[in-house]
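J.: Sequence:
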Amino acid sequence: MRNRGPKVAVVIVTYNSQRFIRECVNSVLKQNYPNKEIWVVDNGSEDNTIEILSRYPDIHLITNEKNLGVCEARNQVIVRSDAEYFLTVDSDVVLDVNFIKSLMEIAETFPERWGMFWGKVIDMRKRDRIDTLGIYLTRFFRFYDWGQGKRITDVLIVPETCLAPCACAALYKRELMEDVSQNGHFFDSRFHYLVEDFDIAMRAKQRGWKGKYVEKAIAYHYRHGSGFQRGYIRYLSFRNRYLLIKKHCKIKDIPFLIISFFIYDVPRFIYLMAIDPKSVFRAITEVFRGE
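Quick note on this note's numbering: the sequence shown kicks off at 1046 and runs consecutively.
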């Protein structure tokens, strides 16, 4: 029924998420927006995540035998659901009761080529601090969450340079997803985890899509709740930066990348080689192979 609003598919990916998943799912179930469906994709959890999820009969649960990454897991839902909007929610995120409603009120009133919407994500452990107000990319291909770590009262403006939402709590319109998909997939599974939302943002921008920050949509993020070890996250961060550059770098970007190479990439390379050379060589090999 249209008076219930367009259908929103909430997509949560879990991997050893027993510490956070109850609070996350409960916050979605309490949403003051009636036309929603909840999908959880578990990527081979070895803790009690599946047992916890089995207590929620109203969710659609997909279980993978191994960790396919958040990109492939989200894609599994996108091809199964007929929803008009998809809300990606990390398993360590808690939504305010009006989060979806606040986003949808804006999404349904904005013009056709506006397809990404996001709200104010607050640090769950430090409630006076910002986790992210959107993602932005510098000319040196350094990626950041706008406002992260700053006091909420200190950040009053989200600039146009914010490309899109952080995928920890991001609403995407189906039309955008279909328009920017590559080989039938919205999320590029090569990124596995980290930087995938920047890839989406850049593809969307290239196709003329825009995004909107909605201040009254509030969520809370514990962060670092992916279940991955710190070393693996460090490897992905290193590798995915160069995958992103390889995929999206233009001729006009080269002078800035040369500068970045000397002031950022070389020192980082030396540091990582000192502490984890195997991961560095693995990352470089995968970038050259395009994996």
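Among these hints, one or two may not hold up.
Keeping only pairs whose Cα atoms sit at most 30 Å apart, straight-line, the calculated DSS-like set for lysine-lysine is [to be verified]: (1) K1257 with K1295; (2) K1257 with K1111; (3) K1052 with K1146; (4) K1081 with K1323.
Worth flagging that the hints you see were computed from the coordinates, not collected in a lab.
J.: So, for every hint listed, does it hold in this structure?
T.: Hints and how they fare:
no.: 1; hint: K1257 with K1295; result: holds (25 Å)
no.: 2; hint: K1257 with K1111; result: violated (35 Å)
no.: 3; hint: K1052 with K1146; result: holds (12 Å)
no.: 4; hint: K1081 with K1323; result: violated (44 Å)
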